[in-house]
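Enquirer: Use the sequences and the hints to build the structure in full.
Number of protein chains: 2
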Amino acid sequence: MAKTSILNIGDELLIGQVVNTNASEMAKMLNKAGFDVFKTTICADNAESIRTNLRNMMSEYDIVLITGGLGPTKDDITKKILAEEFDSVLIENAEVLAHVEQFFKNRQLPFTSTNREQALVPSKCRVIFNEVGTAPGMCFEKDGKIIISMPGVPFEMRFMMPKVIEILKQNFETDTIEHRTLLFSGIGESFLSDMLEEYEANLPSNISLAYLPKGGTVRLRLSVRGKNANAVIALADEYSTKLKSLTEKYFMGFDSDNLAETLGKQLIEHKASVATAESCTGGNIAHLITLVPGSSSYYKGSIVSYANEVKENVLHVRKEDIQNYGAVSEEVVRQMAKGAREVLNTDYAIATSGIAGPDGGNDKKPVGTVWIAVADKQNCIAEKFLFKTTRENFIERTSNQALLMCLQLLSQNSCE
Amino acid sequence: MAKTSILNIGDELLIGQVVNTNASEMAKMLNKAGFDVFKTTICADNAESIRTNLRNMMSEYDIVLITGGLGPTKDDITKKILAEEFDSVLIENAEVLAHVEQFFKNRQLPFTSTNREQALVPSKCRVIFNEVGTAPGMCFEKDGKIIISMPGVPFEMRFMMPKVIEILKQNFETDTIEHRTLLFSGIGESFLSDMLEEYEANLPSNISLAYLPKGGTVRLRLSVRGKNANAVIALADEYSTKLKSLTEKYFMGFDSDNLAETLGKQLIEHKASVATAESCTGGNIAHLITLVPGSSSYYKGSIVSYANEVKENVLHVRKEDIQNYGAVSEEVVRQMAKGAREVLNTDYAIATSGIAGPDGGNDKKPVGTVWIAVADKQNCIAEKFLFKTTRENFIERTSNQALLMCLQLLSQNSCE
Chain A
2 MAKTSILNIG DELLIGQVVN TNASEMAKML NKAGFDVFKT TICADNAESI RTNLRNMMSE
62 YDIVLITGGL GPTKDDITKK ILAEEFDSVL IENAEVLAHV EQFFKNRQLP FTSTNREQAL
122 VPSKCRVIFN EVGTAPGMCF EKDGKIIISM PGVPFEMRFM MPKVIEILKQ NFETDTIEHR
182 TLLFSGIGES FLSDMLEEYE ANLPSNISLA YLPKGGTVRL RLSVRGKNAN AVIALADEYS
242 TKLKSLTEKY FMGFDSDNLA ETLGKQLIEH KASVATAESC TGGNIAHLIT LVPGSSSYYK
302 GSIVSYANEV KENVLHVRKE DIQNYGAVSE EVVRQMAKGA REVLNTDYAI ATSGIAGPDG
362 GNDKKPVGTV WIAVADKQNC IAEKFLFKTT RENFIERTSN QALLMCLQLL SQNSCE
Chain B
2 MAKTSILNIG DELLIGQVVN TNASEMAKML NKAGFDVFKT TICADNAESI RTNLRNMMSE
62 YDIVLITGGL GPTKDDITKK ILAEEFDSVL IENAEVLAHV EQFFKNRQLP FTSTNREQAL
122 VPSKCRVIFN EVGTAPGMCF EKDGKIIISM PGVPFEMRFM MPKVIEILKQ NFETDTIEHR
182 TLLFSGIGES FLSDMLEEYE ANLPSNISLA YLPKGGTVRL RLSVRGKNAN AVIALADEYS
242 TKLKSLTEKY FMGFDSDNLA ETLGKQLIEH KASVATAESC TGGNIAHLIT LVPGSSSYYK
302 GSIVSYANEV KENVLHVRKE DIQNYGAVSE EVVRQMAKGA REVLNTDYAI ATSGIAGPDG
362 GNDKKPVGTV WIAVADKQNC IAEKFLFKTT RENFIERTSN QALLMCLQLL SQNSCE
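Going down the list, the sequences are from chains A and B.
The numbers in the first sequence follow this note's numbering, run straight up by one, and end at 417.
The numbers in the second sequence follow this note's numbering, run straight up by one, and end at 417.
For the record, the hints were derived by calculation from the structure and aren't laboratory data.
Don't take every hint at face value.
One copy or any two copies: either way a pair holds, since identical chains are not told apart in the list.
[What the hints assert, rightly or not] Only pairs whose alpha carbons sit at most 20 Å apart, straight line, appear in this in silico PhoX-like list of lysine-lysine:
| # | residue 1 | residue 2 |
| --- | --- | --- |
| 1 | K164 | K389 |
| 2 | K215 | K75 |
| 3 | K228 | K272 |
| 4 | K33 | K170 |
| 5 | K245 | K266 |
| 6 | K106 | K389 |
| 7 | K215 | K378 |
| 8 | K245 | K164 |
| 9 | K4 | K228 |
| 10 | K170 | K29 |
| 11 | K125 | K106 |
Expert: Next comes the structure, spelled out in structure tokens:
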């Protein structure tokens, strides 16, 4: 089986200015196509660093996929290093040149000598055409290994990856890999692990289980691999069903690592719609829900009521309750949920009101305090939490908890 | 100067299920404290892989920071490997044990033997106490190098990092590093680069410049380093002012890599408030704005009008215009912006309506079509874009473009 590695080049990644989403996106696509990623590395935009890491990866792995350092500016040196490493000179590629010229013409921009350099490629590479940008992809073969360089701009990489995987498939045999992710709430990682001790001990060697705790939930990912796709899928079905039956009490649903997607599936099953009223989460729950393709069939919208006057004027929360209990209170969050259901005319509604910080807390309600409510026609359930963490993580955890509470209300309703 | 490396351990990172935000967060904190990260690597949860990568990093770098694989379950083996590598046995730490017991007691959960194992630490390590979780941090010293292992759970890592940096500062001298980021729009990376050829050629060796194109904008990051903090700051001021004067026409503002933060600063300067009306961006603009601490002083809220009835009922968009022109049209997006300004009672408003895909497009309005409007009391500017990309990236690019248009309207108003 071909061992795959990823090398992401870029100073902006090493100072933490940009999160390296390329590695995870590439890994996901590769994994789906049956290629296992053994290692991903970020290195700096300098010759020595690129050269050393490339050589190390080539000595250990069959495939090295590289992103970054292909832009037109001085800090982009990947192409030069690759030409040196693969005994090439840089030559102008006519097809790439025509594309780059057209690219600038379409944008009504002048075509400079710096732009023209984008059409230079190492003589020993096979060009992978880049329809959506100016830097071409480059594929090298050496000693039975494949080395491919792509642009670091995420959406250019995304467009190029299917072609890259095609090339890899022509050169290497792959296994089928099938994942099943099960979502649990109300139980910790260690208790689940104790509960599944015997199950885990008896798993065949081509099946693995991983624990992924996140914001009050635990996910279990079951991965099955093998040559025969049908057999792999059958095994995944069998072992995930068994897993579910062992953990029924805490099982929230099969899930694609995405609570909003799981909620969406359940809403479609229930033929139900949902709306949100967000104060402290500031639109993030709406964002998570609408990231899911097709969410317009069950999601109507959100009132992000950051200011109290919006809570009053749009969600019809009573002014005196905000004055008496404060915006972060059970009374207000319940009225927000009910208001959202009515104003946006949905079956379910989710509401949040809390103190994300870093300022705004006091002794009685410290930073991290949050009330969450979920409502349907009959019920309105409100709960208070304290998430002492960063502002960003507070928003993330509150959003996940709110989606989870809505999921729980839905499963209650399906039990009745 | 101490060379720093980061090793993130976890199968979930290598199959792309989880984006490795730890590396960038750690790098950001390290960089601010004057530690340069030379390399970050993700490796699998298996003994050989952890051992090989750890040894390689220890041979090349002065500092190795490790996250992951410290949980209570079978797939967590980092602690065992570290004990082996540093000639240690695992011994129970009384202080950690007391903390872990209390941790479970607070949550009213039973304390199992699996949980108890969290209190085992390698005999030769110095424990870094973890107040917010059960897995302790561990610090090892060998041959003048520092190796520190932390939990992979992001918020636990975040709580532990200040202590880690304290330890590093006790062991290594650091430079001061100062960054200035300048935001540009209306010019491409290559044109900026041509414009700055002479400026770049004459930069002192302790100053570097990086180009960061993203969604229609380009950022230039100027980094200055040195021993003397005051001198470094003075140099950063001098060279960023010079840079600004050379590029005045396209300069949008100094920025902390964050358009929403830049917009927030400008709104505070203008003593102005803003609201959003989001269809295709589904709350993401609200989310970006409210991620910024203190945004409640200028942001009032959003109407996420995913359903047309919400556009009509809450934002007062004319039903006949939605019928005649469609929800994705100049007429509708203008009415959304005006509606948001009125309903949410703000100085400025931003509105989006588009087709995020993957479904919902047609010949006249393909997937990726989007109308964006920004309005103040006098003006309402609407523009159409076509972002042919993934759903997620479409949302990101539309959000950035909308924030940028609001920033442009604000700077127009300050020129008048």
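Enquirer: Hints broken by the structure, by number, lowest first?
Expert: Going through the list in order, the structure violates hints 3, 7, 8 and 11 and respects the others.
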